[in-house]
Structures are given as C-alpha cells and as structure tokens.
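Working from the sequences, and respecting the hints, build out all of it.
Taken in sequence, the protein lines are chains G and P.
Taking the working numbering, the leading residue of the first sequence gets 1, the next gets one more, and so forth.
Taking the working numbering, the leading residue of the second sequence gets 489, the next gets one more, and so forth.
Be a bit skeptical, because a hint or two may be false.
Taking lysine to any residue and the SDA-like style, the derived pairs with C-alpha atoms no more than 20 angstroms apart in a straight line are [to be verified]:
no.: 1; chain 1: P; residue 1: LYS1182; chain 2: G; residue 2: GLN266
no.: 2; chain 1: P; residue 1: LYS526; chain 2: G; residue 2: GLU462
no.: 3; chain 1: G; residue 1: LYS256; chain 2: P; residue 2: LYS526
The set of hints was computed from the structure by calculation and includes no laboratory data.
The residues making up each chain are set out below.
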Amino acid sequence: MKLFDELKLAQGEYATRRHFLKACSMGLGAAALNSLTGFKALGNISPSSDTGNLTVPHFAPRAKRVIYLHMAGSPSQLELFDYKPELERLHMEQCPPSLMEGKRFAFINGTPKMLGPQAKFSQHGQSGAWISENLPKLSTMADEICFLKAMHTDEFNHAPAQLMLYTGSPRLGRPSMGSWVTWGLGSENQDLPGFVVFVSGGGTPSAGKSVWGSGFLPTVYQGVQCRSHGDPVLYVNNPEGMSRNLRRQSIEAINKINQKQFNEFQDPEILTRISQYEMAFKMQMSVPEAMDISDEPAYIHEMYQTQPGETSFANNCLLARRLAERGVRFIQLFHWGWDSHGAGASGALNIGFKERCKEVDGPVTALLTDLKQRGLLEDTLVVWGGEFGRTPMMENRSGVDNPYLGRDHHTDAFTIWMAGGGIKPGVTYGETDEIGYYGIKDRVHVHDLQATILHTLGMDHEQFTYRFQGRDFRLTDVHGKLIKEILA
Amino acid sequence: MMLLLAVSCQRDTDQLSYNQDIRPILNENCLACHGGIKQMGGFSLLFEEDVYQPTESGKPAIVPGSKHKSELFNRITHHNPEYRMPQDAGPLTSEQIENIGIWIDQGAKWETHWAFIAPQMPEIPQSSANWGENNIDAFILKRLEQEALEPQVTADREILIRRLSLDLIGLPPTPEEVDLFLNDRSPNAYQNLVDRLLASPHYGERWAALWLDLARYADSKGYEKDSPRTIWRFRDWVINAFNQDMPFDQFTVEQLAGDLLEHPDRQQLIATAFNRNTMTNTEGGTEDEEFRTAAIVDRVNTTFEVWQSLTMACVQCHDHPYDPIRQKEYYQAFAFFNQSQDSDLDLDYPMLEMYSEEEEKEILNLVQEISEIKSEARNPKSVLVQDKIKQAIFPTLLPTQVDDFHNVILYDNDELSNWSKNVNTQKDKDYYFQYSDIEFTGLSGLTLKYSTGGDAAELQVYADSLEGTDLLTAALPYTGAVRGAEGEGNSSLKTEHWDFNQQLSGAHHLIFKIVNTTGEAPDGIATIKHIRLDYDNRVMQDPRLLSLQNQLIELRKKADHTPIMSDRPAFHRATHILERGNYLVPGEVVSVGLPSSLPDFSEDYSRDRLGLATWMVSNENPLTARVLINRLWEQLFGIGLVETTEDFGTQGASPSHPELLDYLAVRASNTHSWSIKSILKEIVMSATYRQSSKFTPDRLEKDPYNRLLSRGPRFRLSAEQIRDQMLAVSGLLNPKIGGESVMPPQPDGIWNVVYSNHKWETNPEDKHRRGLYTFWRRTTPYPSMISFDSPSREFCVSRRIRTNTPLQALVTLNDPVYLEASSSLASRMVKSNVDNLDLAIQTGYKIALGKKPDEETTRILRDLYYNANTELKGELVSSGVNQEYRLDAMTVVANAIMNLDEFVTKE
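The structure is reproduced here in structure tokens:
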C-alpha cells in the first residue's frame, strides 16, 4: 500500500508540473462539465453491453448541436466559391497531360478540355469572401461564414465518399457522425429523437441509410428519418379512430400489467420498458407538433420559401430550426441532385445546377438569419457541402459534343463551409492552385473536418472511442487533426 | 470475502499463473505501447519469443528469477514519474506490482492465452447439494456455492413450454400444446417435449436466423445501387442443414469449401454461397479490383470471426495489437480466398444455374437426344445440369460458360465484353478467358459472332496457356456500334470464320485474349456473343442437332442463378501483403498459411479452402468447438459463457465458467459427434436452463447480469421472434418453409433507392411469412426489424445488442401489421365460443402467453375493453353464445396483450 501511495503522490506532483509547462487551455475540468451538460440517452441499453461513455464532453463545448446540410451528388465549388480567373483563360484548352498522370476519375477518359467558371463572381461583406451570382442571398451572410476551400477526400464515387464523410470509412458498417454524437452526448429533449434526418430532392443519398446508420453502436443512436408524407416518424400516429385518450388508457393498462410483472420478477428491464412506453406516448404528441410548420408566421414562410405539406429543402430547413430550438442534437439534411456531369439538362452546370442553387440559396440564408435572430447560431454549428468536389476539366463522356456543361467527380479540391457554434465567422481558410485542381495551402481532409466538428461539441476525436471486434474505433479512424485556426 | 483472503494467504507459496494473474495487468496497461503495433524501446509483450529478448538498451526487460535485475520491474516502481511505467498514467496498484514481482521471481513463466490451448475434459465438480439434472449443473452449482447463492426453483410448466418453444423453434406453443404438456404427468414429459420441438421443421428456421447474421446474408449486393441478388437458396440450405442436423464439421466444410469436394452436388455448391454474401459494388466508375479486395478481406474476417472468434480485421493493416497474429499471417489467410473467380462483376459470376423440376426434365431429355445424335459415349463427371448443357451444345461455346476469365465482364444475355465501367482504367489491362479440356483432334478453326466499338481490338487465341501454342491472331474490325454496360445503340453483330495456324490433337485448354492495340479507351471494346469451334471430320451441321442445341440455349434463360465459390483453374492470382491494407500498395508475395499461434497447418492439409475447413474442425483446433458452444449458449441464456462472442482473443472477456465451456466443447465432437440438436438437448435438459427467471434482491446484487446463472434466462425476443410470435398468436402466420424472399407490407417511402426500378411488391400469399423470409435489402432494411436491433447484414455480426426504446413501442402499438394481428387475435377471442368478457380476455391472454391471467390482469384488460367500447363506435360481433362484442374494442385489448413486457420477453 505504501509503495502505491508514494507512486501516486509522485504522479500528482509530476502532473501538476507538466500542467503548467503545457499551458493547458482546456478551461473547466471534464468532471465539472459532466454535471452541467448531463447525460441523457434516448432509450436504454442492456447494461452489460453498454460501454457507457460518461467521459464526454472532454472539455467545454462551444456548440450544443449540429445542423448538417448535405448537397448529395456534390456541387461544383468552381461555380460557387472557388473563383479561378486563370481557368477562365484556359476555357476549352486541352488539359495538360501532367494533370492527368496517376489520377483516377470516375468517367473522364482520354484528354479532356478545361472548363472555365460558369458563373460570375464578386466579393462580399467585410471579409471579402468570393461568392458567385448563383447564391445572391447567401452572399449577404458572407461575414457569418467560414469557408474551407482546400477540402479533400480519398474517394471518388458517391457512396464511398459519403460514407467516408459521415462514418470515417468508405465501407459500410461504421456508425455515422450523428450516431457518434448522440451516443456521446445524448439528447437534450426527452420527447424527441436525438438524431433526425430529412431528405429532399427526390432521392435517398447514394450510400443509402447507412449514412445515418448506427453501425456497431446500439441501434437507438441511428438517425430517425422524418417524413413529410404519412407518419412524420414511422408509426408515430395512432391508427384511425384511436383517440389520444384511448391510447393513453391502453398504455396505462399495459404499464399497470408490466408493473405487476416487475413486482413478481424484479427485472429492472421491465421498468425501462414502462418508461419507454411513457416516452412513446409523449413522442406521439411532440413529434407531430415539432413537425407541423403551419403555425409559423407568414414572414417566416416568406423568408424560407416554405409551403406547408411539401417535401422540399426549404421546409426541411425550417424544420431544422424548429428541432434545433427543441434541443435535438444532430439534424442532418440531404438534398439530392448536385451530380453535374453534364450528361443531361438536369445535370448541366448551365441549367439544372442553377435550379438547385435557387432551391437552396433562400432557405439556407433564412436558416442562418433565423438562427442568429433567435440567438441559436451561437451554439448551433451549421455545416454545408458535398461529399467531394468537381474537376476543372469538362467531362466529355463518350467524347461527343454536348450542349450540357459538366464536371467529373474530384477528390483533391472542394469547398465546405461552416457557421455558428465555435467557428470563426468571416474567414476563408485554405487555398487551391490557380485552376482549382489541388489545395496548395491549409488543406483539410474530411477526417480533419470530423475532428473539428467533434471538437466544437466538446469532444477529443482521439479519445472518443467505442470497442468493437476487439478494436477501439473512432469516427476519424486512425487519422484526423483538429483545425485550430478556424476555432472561435 | 473469505475467498479473497484465501487467495492472498496462498500468494507467497503458490505459483502465480501468467494467464490469470499477470496477462490481464499487462494487457490493460502495457500492450498499447509494447504490443503488435508499437514496440517502444524495442520491447514487446505479445510473442513469447520477444519477451525475453534484449531491448534497445541491450538488456532484456525481464530476467526470469530476479525482479530486481528486471528493467520491467524497476520501471513500474521507479520513483521518478518521467521514467515510471505506464507512462502518462497512474501507477499500477501495489497488488499488481507485487504480483508482477512474485511472477518474475518465480521464473517469469510464459503461458499461452487460454483460448489457444485445446480444451481438456475437466473433472466434474462434486457437491453435497442435491440439485441438478446433468453435469452442466455441477459446474454451475460449484460457482453459485462459491458466491453463496442458490439455484432458483424450477420455472412453472407454462413458462417452460413457452421458453422451450421460442428457443427451439422460434414460435410460441399453442394453447392445446400447453394443455397437453400440463396434463402429461409422465416422468419423460419434459424430454418428450424437447424431442418433439427438435424434430419440428420450424427448428431449422429459428436457428438459421442466428447463422444468417454470421453469414451476413442479404438479398441485395450492397453499396450505392444495392441491387437485388438471388441467393435465397443459401438461406434454405442453412434451414435444411439445421433441420437435418447436419454435423457441424460437415456444415463447416461444405460452406467453406463445398466446391472443392470431389464432384460436389448442387447443395454443396450452394453452401459455398456463405462466402458470396460479400458486397458487390455496381456503382458506375468504381474500380472492380478495389471492391474485390474488400470482399476477400471480408471473407477472411468473417471466416475467422465465425469459426475462431478471432478479430482478424485488426491485422489487415499491421500486426495484431493484442493477439499473437502477424500481418503476414493475415495475408496468408487471405490467400485461401484469393483464387476465387468472382471479381466484383455486376452479375456476381461465377454462379450456379438452377431450374424448376419441369425445366430440368426437359433439359435432360434434350441432352439425351443430342448425345444420341452426336453418338458421344462420354460420361460427364459433373452432376450439374449446367455442365451437361455445356457438353450438349458443344462445339458451340457460350461466353457465360467460360471455365476461367480475367478482366472480362459476363452478361446474362450470354455476352462477354472487355468493356469496363471504369473506362479510365481500361488502359494497359489484359483481357482473357479460357475453356478447359477441349478436344483438339480435327479442330481446324473457329467462328465468332461479335461486335466492336472501333478498330482497336485484336483477338489472339492460344492452346494450353497464354504462353502456349499460338493458334490465331486476328483484328476485329469496327462493326458499327458499341454494346456494353453503359453503351447504347443497336447491336450489329458480325460473324466471321478463321482457320487456326496449326492443328493439334488430344485435349488442350483453349485461351482467348483480347488486346486493345491503341491503348485508348473506350475504343478497344469487343463484345463476343457466340463462339463455334469448327472441326474437319465431325458431322456437326446436322440441322436437327442444331435445332435441339438452340432449344437448349433458349432454355438456359429460365435458370435462376446463385453466386457460388469457385477457384480459378488457370489464371491464378499472386497474393501480396497489402501495405496498410491498401490494394494499390502490394508488398511481399505470400502463400497460404495460418497464424503460428494456432495449431500447425501441416502438410497433411491441402493448401486450399478445403484444407482450411478441415483444419478448422480438426480435434487439434482449440477454438472451433468452444466458439460453437458459446454461440448456442448465448442464444439460450442471452449471454455467452464468454461474453464477447465475437472475440476469444486476449482482449475478449474471460469465460465465466471455463471448465463448463471445455466440458461442452470436448463433448461436442466426441459424445455429440458435432450434432447441434444433441448439444442443444443436453443444455436445455439441465436444471440450470429450467430455473425460474425471477430476480431476488441477493441475485440482483451478486448476479445482476446472470453471468453466474443464478436464475433462468429472461430477455427480450429477437426481431424475427417478435414478428413470428405476433403472426402465430393472431393465427395469421403462413408456415410455409423456404423459397424466394418475400415483401410483406411496409410504409410507403422506405424503398426509394437511386437508379433502380426494382419495386417493393407484396404478394398476398406471402404477407404473413416468418421474419427470416423478408427481403433483406442492406441499405433499406425492413423498418420494424431494424427497430428491434437486427443488423443491416453488411458485415458479420456475432452478437446483437438488445435495446429498449420508444420507437419499438411505436412499432408494436401502431405498425399496421401489428394492428392486423391484433384484430385477428381479437376475432379469435370473440369467436372462442365463450359467454362472458372475462373468459374472452383470458382466452386471448392464453393464446398469447400460454397461461391464464390472474384476476387483476383480467380486471385491467376488462376495464380497457369498456373504455375502448365507450370511445369507439365499432361494429357489434356475435360470439355465437348470446354475447356481442365490439371487435374494434377487443382489438385494443388484443393489441395491449401484444405489447406486454412478458409478451416480447422470453421468461
């Protein structure tokens, strides 16, 4: 015993000494914070299989929740944020072979031509951020936004790239970012799921529901897809004819018998079931209430361009704000249709792409404005982007002249932006070369983005692990570094 | 307390055990830096051969016999925390330090991890207590006595029959079956019940569900398009194997290597679909080799998790951090699977063709007629219909009948092409395919039906091998249109004949190579539709023969195709170590082998999957039987004897009852001859299994998770069992066994997958089939199954986590399927020919739970009926005995019964 005490004392002195040497800037200790934020998980896991995660947050969080706006298919950064006059000059020139060497593309073959920017650019706000004419409304918010211009990823097909972005691995089977976050932090609202997903644009993302799946984490942490038609959450509505009163009576009857069963068997799992039935009853009220946007005032509908009852990105943005207000931890929007290969009108940079921009410009701007006006932007992190970027070269599928302009998938350079909780506003971080082909300064890998998002929520991505198949897994796999420069 | 004292008293004199006393300390505190990934200071504790070696300092860290000469001991007790180990962490406890010191002084004897030592038959513990039905109970009792706990009383018979039925056939007993059992007073009543259930054809369905999670069985290919895959015959194979009680060694060999058995039959080939349940990426622009590699990696990981409970996945990038497995050994295991012909092709070749009984009869008749005309006396070795067809239509060669192929794509319209979806990587690729053992005597040339997309393709034909006799080189000129995966336009097939440069005799392999002479893609495309060999001396042009052969070719379109394993006979792949697991960075070439910490993979074993499978089920293998026992135990008790079903390595949990695990493992192959039914029977016959599942305060305190088995199992049913039970008690269940996967109703909007016209369509007959038949699409699984924790089947899952969530309550309360079942149960209650409400309620409760509700439960449900009666204005239904009920009000009651904790729980 004496030996142990001596060693412990020495360790304490050593740690104190090192603490000052390292000039620790983490602020409050993790222990104190736990009691401030509290741990509330939606649902109960069989105790022996719940690894538990009471050690998070690791330090003071700046954001309490995330709204992630995913533009599935991946919009072209070269028509939105990454302004390249040099590319304009090279328009329709042959691509120099040096750019093609050792590169893998999904569809480009042979020697393609360069494609100049298909939009006019100008600088906006105090920060002077470059934003194209495709996003006139968002341009007014330039000073709220932090642009990451030299993003890169490893995967050049949609499904693997989306999985890479949301699960840290291009293969199916790992938990998604929202699952990790709700597993770690629980939900702030006991009556709503902690991780909610909305889909618009006519298709589920390429990687399917796995991008909001819980992988090897308990299924209770998977994203709950909310729908505009039918039940907003599957089976949340009572069958026709069953009143809320009768539902209450039936759940009371079920729980009374369950209580009796508990008295006889003393299995704590029965008590959990009783409370889950109570929560289901509450969700039946709170979910439709949260999902009903018809009670919003006219100016809000005007601002978001919403039409109650529609399945649209605009409606989903407004719903995102309503859920953020109610303490939902992770709100994920997918808007499909950004895969602008130029194979047809809807995928043309000069046609369909512009339509998509119009669909999101107003609602995204409204969301940022609305969150700011309500004081929610301070502790809500908003992220916008695709799963990869687009090439500065024109895609020439099957080598024939094509009235539609398009770009192929590109892993080495794309733009993602963030705003709100814990991120510096009015900043442009990272730079690509003069044709927007490759990041030349402050490159950010998707794993780095994940590390940074977790950091704003108070979590150290290297310590935030879950043991599965004998290994400690984390969202950032074995990679990822925090982008300190963009933290507020 | 007494026990702890006893242990510490013995400490000074007794030999400490590395496995029990030391390894857990080192694993937790040291291996992260001194293990398989990092060997800080040149010191690793992973392999015995490393432990006593000199470290970077030149001295060994451990000097057996002297703790003071051992740097390890000095460093864990160092006064300066900068040097003291473990670094940047608190010191070890004084007890841990003391133990390590004693262990070194006692000679620092190394021990192999328990799971790597073959199980020995342990001594059966003796006890004075008069409890138990078989030897299992002796082991359980010994442990309970150590913890001062007593076994629970035997559960009531109503509970036992429900527990047994759900466990053995996955369905609840009918009220009649319950009454029969209650009234059976013979001493063998329980055993007879067990035997009856084990003989039920539904037994296979229940146990297949376990195996299908391990086999990552799904009806779709995964990834972006996640298009459907026809592989349900494998699911049926598993059901049948369980029903026929196929011995587990045979079950293992057929799944891992059925194709390598001598003249395998269809069922043995279907068994190999186990390893074709890997995902196939059909997204445009993906690199097939990348996803082929991913599939092989999955096969290695799955095979080792399923049979060995080893976490091989760790080793694809580096040596195992905790278990004695080196990265090279991973790729030696990879080599077993690397010769499989499948290569991430959209159509999942190679496949087994299956026909309906009628079609098969027709085919065999045609084959017979043809062979009479051809007057061939050859008796094909293969019993497969597809091989008989191939022989009958000879000398026509269909591209989809190739014996081996490399970098070509096979289409189900019998075309072969070197078109690749990833056109960017067409350049520098070699494209070739082979027909084996062709009779060359009299063979003078060939006729080809083909199309090309340009003037770039050249055909080369060889005998024997790619380096063998050169038979033909011919340009394939532009035919006018491109045919291929993404190509469009009309086909313009050209037919052309060439003579060979020379004539050979006897049997040779015939190899075709397509060369892209420009290197530019996609201009080198060639699509081949038909090959006909031209013989000098044989009468092959008999119009009747040709017509019969064409009929046969037509009939092939009716086949359904199951992907199977088949090794390349000709174009073997070299297996490289992949640096950091990356297929683009191949390293050293390796051949098949197994980790040296496992039993010797001696020369007696063939160097292929058959050798691997035989080795797995050999008596020397320390893991296979234990892993099997553990899985069966977990299914029955909710938690394995080793809690980490998926990991028996040093980071896995220790067994709660190691001697019991070994006892059952040794008996598995000896006494039980690998019969799973026989093993299950031994377990369910035990008194341990028959205990009441009631908790008591001391059990809750000393045994909260029932690791000690101080009571019977009580846990929530699986997703499949919940669905099946609901259908069974409502009377809706369609008990049909096997067949194509089915699409029971699900809400609109679930099934919207990109780039697919494949629809979710419910066949009315298949509305109420058991859960394991539900079409399993990996990216959009059936919602209520997922709510109850079924995995997505993307990867092998050994252990389902059981959650308890409000979304589950919403499923059983409001899912239309549950409402339909509630309504159906309500009509059974109404029509049960009873003349009062209480009896109707009691009937419903008994149908659902196999027992009579007590007075209070009846009262609560009666009140609910009256409340519902007030709220609803439904139709009155006569029970036939002067009593009228509202069916909708009774439905509310039935729905409540199906939402009770005891209903979704096995207790």
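>> Let me make sure I understand: some of the numbered hints might not hold for this structure. Which ones are they, in numerical order?
In response: 3
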